[in-house]
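Those protein sequences? They're chains A and B, same order as listed.
The numbers in my numbering rise by one with no breaks, and the one at position 18 of the first sequence is 10.
The numbers in my numbering rise by one with no breaks, and the one at position 99 of the second sequence is 121.
None of these hints come from the bench; they were simulated from the model.
Treat the hints with caution; some may be incorrect.
[What the hints assert, rightly or not] Stretch-level coverage of chain A by chain B, calculated; a stretch enters the list once three of its residues show a Cβ under 8 Å from a Cβ in chain B: (1) 19 to 33; (2) 74 to 82; (3) 122 to 129.
[Unchecked claim] Under the rule of at most 27 Å between Cα atoms (straight-line distance), these lysine-lysine pairs were calculated in the DSSO-like manner: (4) Lys60(A) - Lys177(B); (5) Lys60(B) - Lys82(A); (6) Lys110(A) - Lys60(B); (7) Lys177(B) - Lys57(A); (8) Lys315(B) - Lys286(B); (9) Lys71(B) - Lys142(B); (10) Lys110(A) - Lys123(B); (11) Lys59(A) - Lys3(A); (12) Lys1(A) - Lys60(B); (13) Lys60(B) - Lys286(B); (14) Lys110(A) - Lys238(B); (15) Lys59(A) - Lys142(B).
From the three backbone atoms N, C-alpha and C, an ideal C-beta is built for every residue, glycine too.
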Amino acid sequence: MSWHIVRGKQKYIILYEDYVDITKLVRELCFHRSLLSLINVGEPDQLASILNKELMGTYIYLSLKVKKTREVLSLLYDLGFSPLDLQVVKEESERAIFCAHCHTVFITDDHPHAVCEKCNITLSVTNHWSTFHHAFLGSFEFEGDSL
Amino acid sequence: MYSFPFPFEEGQSHYFYKNNAVQMKNRTTVQITPNYLKEMKLKRDTIIKNPERCFVALDHTYEAQWEATLYIAKELALRYPDTFTMTSRKYGFTLNNHLLKEEVRFDYKVNKEPLNDIGKHVQEDLILMFQREGQLFLDAGQLCFPSNWSLAFNKGMAFMDIHRPVPGFQEGQLDRRIERFLLHLCPGDPFERSNWSLMAGETLNTHLETFPEWGKKRYSVTEDTVGNYVHVRVEVQKLHRLPKTYTILFTIHTHLLSLKELSKDLNKANQLYTILLSLPKPIEEYKGITPYKSHVMNYLEGVL
Ligand code: HEM
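Use the sequences and the hints to build the structure in full.
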C-alpha cells in the first residue's frame, strides 16, 4: 500500500473497510500529531450525513477496496470535496482502469493488458493516472498489426 | 483573408520544446474561417452522436461557463457584425447567427450548459481551467476536434497530470515553468501558441475513443497517396484569463493542410523537412508519425 502525508490540514479522516490494514497509515498520521478520525465505511447514506458535517480543511484518506473506492469517491465529489481534499491509498495488487473507448472504470489485477468489462475491447494499461477518476488510462494498442 | 497558420518560427531548423506562448496582438479568442459551415455540421453531428466525449462540466463551473459564453458571444458580434448580432436582455441575450440562419436564446441558469451551447457556434474547442491551491484543473470543456486525447479521462485533472504522457515535458521542469506562466496570466493580456503534428487523412474529430477507426489510416499511406493524404495539423491555442471568475479560457482551433498544398511553398516544405529530420524518436512516436514518416521524407525530398 502506498500514500503520502499531506501536512497542514485541520483534521484527517481515514475511511476504511474491515479487511484493509490501516495500522501503518494511522501510526504515521499520529506521528505527525494530527487530529484524526477513523470511519468504517458502512452504508453510503450514513456516510453522507457524517461527512456532510465535516468542516473545510478536512483531508480524507480512502483505504478501501477498489470497488468501494469508486462508490465513496462519487459520493465525496457530490458532497463538494475535490481531488485536492482526498487521497486514495493505493493497493498494489488491484488496479482501476479507465476504458478509453466507453469510459467504464473497472478493476483488474496487475497486468499490462486488460479487457474492458463493458465493451470487451483489449486495452493496454498506460501509466497515465487520473487523480479525478482514480484510475489508469487503458488505451489502444499503437501497433499496426493489432488494428 | 484566411491563411493556414504555419506553425514554425522564422529560421527554426530543428525541433525543440519550450514555452512557445506569445503575447497576442489582436486579443481574439475565436476565428471564423471558410470551413465554418462544414466544421459546424461536423461538430454538431459529433456532439449528437457522442455527447459524453464532447462535453464535461463539474457542478461548480456554471458561473465560469456563463462568463466564457458572454465573452465569446460579445467578440463574435463585435468582430463579425455581418455574421453575428447580439441583443442583450436583463438575464441573458439572443445571438443571431446569420451564417447558420439561427436565432438562439441564452438565459442565465436556463441554459444548463452554456459553454456547450456557445461552442456550437464556433469552430474552436473550448476548455476552462480553474485555479485552486496553485494548480489549474480542467473542470469544464467542449472538445470535438482533439488530437487523440479524451476529455472524459482528463476531466477534473490538473495541468501537470494532463501533460504526463507528453515525452520530455518534465525535463528541466518545463511543465512547472509553463504552469507558473499560466498561473500568472492576467485578464486583458491573452497569449497564444501553436501545436503541430502530421496526420494521415483529414479527420478533425480524432478522439482517443475512436482511435481504432482513424488510427489505422496511418498504415495505409503509400508513395502515391502521401501528398494528398497526409496533412499538417496545426492547433492555434489561445489563453485568456476571464476577469470575473478568474478562470482560464483555453481555445483550440485546428487547421489542416495537405502536404501537397503546403509544398507549393518550397521554403515551408524545406523547413518542415529539416524539423522532421531532427524530431526525437519518442516525440515522433507520440505524434503518431512513425508508420508513414519515410513516405513523407521521400515526398518532400522529391519536391525540394
Ligand atoms: C492550459 C490549457 C492546456 C490544456 C488544457 C492542455 C491540454 C493538453 C492535452 C490534453 C494534451 C494531450 C496530452 C495527451 O497526449 O494525452 C496536450 C499536449 C501538449 N501540450 Fe498542452 N494544454 C494546455 C496548455 C499548454 C501550454 C500553455 C503549452 C506550452 C506552452 C502546452 C504544451 C503541450 C505540448 C508540447 C503537447 C504535446 C503536443 C504534441 O507534441 O503533439 N500545453 N495539452
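Here is how each hint holds up against the structure:
no. : hint                  : result
1   : 19 to 33              : violated (count 0)
2   : 74 to 82              : holds (count 3)
3   : 122 to 129            : holds (count 5)
4   : Lys60(A) - Lys177(B)  : 21 Å, holds
5   : Lys60(B) - Lys82(A)   : 47 Å, violated
6   : Lys110(A) - Lys60(B)  : 34 Å, violated
7   : Lys177(B) - Lys57(A)  : 23 Å, holds
8   : Lys315(B) - Lys286(B) : 20 Å, holds
9   : Lys71(B) - Lys142(B)  : 14 Å, holds
10  : Lys110(A) - Lys123(B) : 41 Å, violated
11  : Lys59(A) - Lys3(A)    : 26 Å, holds
12  : Lys1(A) - Lys60(B)    : 52 Å, violated
13  : Lys60(B) - Lys286(B)  : 25 Å, holds
14  : Lys110(A) - Lys238(B) : 23 Å, holds
15  : Lys59(A) - Lys142(B)  : 37 Å, violated
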